[in-house]
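Protein chains: 2
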Amino acid sequence: MKLMHYTDETPKRIDNEVAKGVSARLLIGKNDGADHFCMRLFQLDPGGHTPLHRHEWEHEIFFHQGEGEIFLGDAWKKVNEGTAAFVPGHLDHQIRNTGDGVLSFVCLIPSGYPEL
Amino acid sequence: MKLMHYTDETPKRIDNEVAKGVSARLLIGKNDGADHFCMRLFQLDPGGHTPLHRHEWEHEIFFHQGEGEIFLGDAWKKVNEGTAAFVPGHLDHQIRNTGDGVLSFVCLIPSGYPEL
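Residue numbers (the numbering used here), protein chains in the order written: chain H, 1 to 116; chain C, 117 to 232.
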């Protein structure tokens, strides 16, 4: 079992050609005994964004805080606190923060792929 | 793909001998194409609680809002906004709201078990 506050985990910062202002944390994964799927928390700074990409595994996302947009396939759509998104495998997707505060969301993926 | 706000889904109310003041929603499941795990949102009224129980599947939980406690195996521990919990299979567990507002959390389980 595991019980932690997300701030207990030091974030990995991602700031490069394709992603901007991202703090990423693995909250629950294989090392905790989670064999079926893992939970990550992402926080985007105002103006930050994840990369536009696609991959074979799916995402299940719950937006915890903030305001932003998600690109799903062919269009941007608004998200805010309490939005849930299912991104199937092989779909182009990206998330960006359009608000003044941090945009936080948990994003879960099946086991067998890079956890973070 | 799916994009929704949790309030788009009508909650199932659970109020019985073993659970009190619980609103439960399936956010992402098999009908959405999610084949590996599913996401549910639970909200506990002040004073509300889930049942004390155990089962073979695990939980991955992220506390979205409120204040409460989780029973894990043999003790109650505090949780609040931003707490993450991994409850392995076969472990006794229960969640209760000890705050003045609603306690909200997403709870994910692997596919193959009752989604709600």
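None of these hints come from the bench; they were simulated from the model.
Because the structure is a prediction, the values reported are computed rather than measured.
Cβ coordinates follow ideal geometry from the N, Cα and C atoms, glycine included.
One or more hints might be untrue.
[As the list claims (entries may be wrong)] Pairs of lysine-lysine, DSS-like flavour, derived with a Cα cap of 30 Å:
| id | chain 1 | residue 1 | chain 2 | residue 2 |
| --- | --- | --- | --- | --- |
| 1 | H | 30 | H | 12 |
| 2 | C | 118 | H | 12 |
| 3 | C | 193 | H | 78 |
| 4 | H | 78 | C | 146 |
| 5 | H | 77 | C | 193 |
| 6 | H | 78 | C | 136 |
| 7 | C | 136 | H | 20 |
| 8 | H | 30 | C | 193 |
| 9 | C | 136 | H | 77 |
| 10 | C | 194 | H | 78 |
| 11 | C | 194 | H | 77 |
| 12 | C | 194 | H | 12 |
| 13 | C | 128 | H | 12 |
| 14 | C | 118 | H | 20 |
| 15 | C | 136 | H | 2 |
| 16 | C | 136 | H | 12 |
| 17 | H | 30 | C | 118 |
[Claimed, not checked] From the structure, some residues in chain C lie toward chain H, with a derived Cβ separation under 7 Å:
| id | residue |
| --- | --- |
| 18 | 155 |
| 19 | 188 |
| 20 | 191 |
| 21 | 193 |
| 22 | 198 |
[What the hints assert, rightly or not] The calculated label-pair distances, taken between Cβ atoms and stated as ranges, are:
| id | chain 1 | residue 1 | chain 2 | residue 2 | range |
| --- | --- | --- | --- | --- | --- |
| 23 | C | 189 | H | 111 | 32 to 38 Å |
| 24 | C | 119 | H | 35 | 38 to 44 Å |
| 25 | C | 131 | H | 3 | 22 to 28 Å |
| 26 | C | 193 | H | 30 | 20 to 26 Å |
| 27 | C | 190 | H | 30 | 22 to 28 Å |
Hint check results:
1. Of the supplied pair hints, the one linking residue 30 of chain H and residue 12 of chain H holds, its CA atoms being roughly 18 Å apart against a limit of 30 Å.
2. Pair hint residue 118 of chain C plus residue 12 of chain H holds up; C-alpha atoms about 28 Å apart against a cutoff of 30 Å.
3. In summary, the hint linking residue 193 of chain C to residue 78 of chain H is not supported, as the alpha carbons are separated by about 36 Å, beyond the 30 Å threshold.
4. Under the criterion of a C-alpha separation no larger than 30 Å, the hint pairing residue 78 of chain H with residue 146 of chain C is consistent with the structure, at around 24 Å.
5. Between the alpha carbons of residue 77 of chain H and residue 193 of chain C the distance comes to roughly 38 Å, so the proposed pair goes past 30 Å and is violated.
6. For the proposed pair residue 78 of chain H and residue 136 of chain C, the alpha carbon gap of about 34 Å is over 30 Å, so the pair is violated.
7. Among the hinted pairs, residue 136 of chain C with residue 20 of chain H is inconsistent with the structure: their alpha-carbon atoms are about 44 Å apart, more than 30 Å.
8. Between residue 30 of chain H and residue 193 of chain C the alpha-carbon distance is near 23 Å, which keeps this suggested pair within the 30 Å criterion.
9. Restraint check for residue 136 of chain C and residue 77 of chain H: the C-alpha separation of about 36 Å exceeds 30 Å, so the hint is violated.
10. Annotation: proposed proximity of residue 194 of chain C to residue 78 of chain H is violated, straight-line Cα distance about 33 Å (limit 30 Å).
11. For the proposed pair residue 194 of chain C and residue 77 of chain H, the alpha carbon gap of about 36 Å is over 30 Å, so the pair is violated.
12. Annotation: proposed proximity of residue 194 of chain C to residue 12 of chain H holds, straight-line Cα distance about 26 Å (limit 30 Å).
13. This hinted pair does not check out: residue 128 of chain C and residue 12 of chain H have alpha carbons roughly 38 Å apart, beyond 30 Å.
14. With a C-alpha separation of about 25 Å, the suggested pairing of residue 118 of chain C with residue 20 of chain H holds against the 30 Å cut-off.
15. In summary, the hint linking residue 136 of chain C to residue 2 of chain H is supported, as the alpha carbons are separated by about 25 Å, within the 30 Å threshold.
16. Note on residue 136 of chain C and residue 12 of chain H: the hinted pairing is violated, with a Cα-Cα distance of about 39 Å set against a maximum of 30 Å.
17. A threshold of 30 Å between alpha carbons decides the hint, and for residue 30 of chain H with residue 118 of chain C the separation of about 27 Å falls inside it, so the pair holds.
18. With its C-beta approaching chain H no nearer than about 5 Å, residue 155 of chain C sits inside the 7 Å limit, and its interface hint holds.
19. For the restraint placing residue 188 of chain C at the interface with chain H, the shortest Cβ-Cβ distance is roughly 5 Å, inside the 7 Å limit, so the hint holds.
20. Restraint check, residue 191 of chain C versus chain H: the minimum CB separation of about 10 Å is more than 7 Å; hint violated.
21. This hint holds: residue 193 of chain C has a C-beta 6 Å from the nearest C-beta of chain H, less than the 7 Å allowed.
22. Restraint check, residue 198 of chain C versus chain H: the minimum CB separation of about 5 Å is within 7 Å; hint holds.
23. For the pair residue 189 of chain C and residue 111 of chain H, the beta carbons lie near 23 Å from each other, so the given range of 32 to 38 Å is not met.
24. Checked against the given bound of 38 to 44 Å, the beta carbons of residue 119 of chain C and residue 35 of chain H, roughly 28 Å apart, lie outside it.
25. Separation of residue 131 of chain C from residue 3 of chain H is about 27 Å and conforms to the stated range, judged on CB atoms against 22 to 28 Å.
26. Range check, residue 193 of chain C to residue 30 of chain H: about 23 Å between beta-carbon atoms, so the 20 to 26 Å window is met.
27. Between residue 190 of chain C and residue 30 of chain H the Cβ separation comes to about 25 Å, which falls inside the hinted range of 22 to 28 Å.
Against the hints set out earlier in the document, violations occur for numbers 3, 5, 6, 7, 9, 10, 11, 13, 16, 20, 23, 24.
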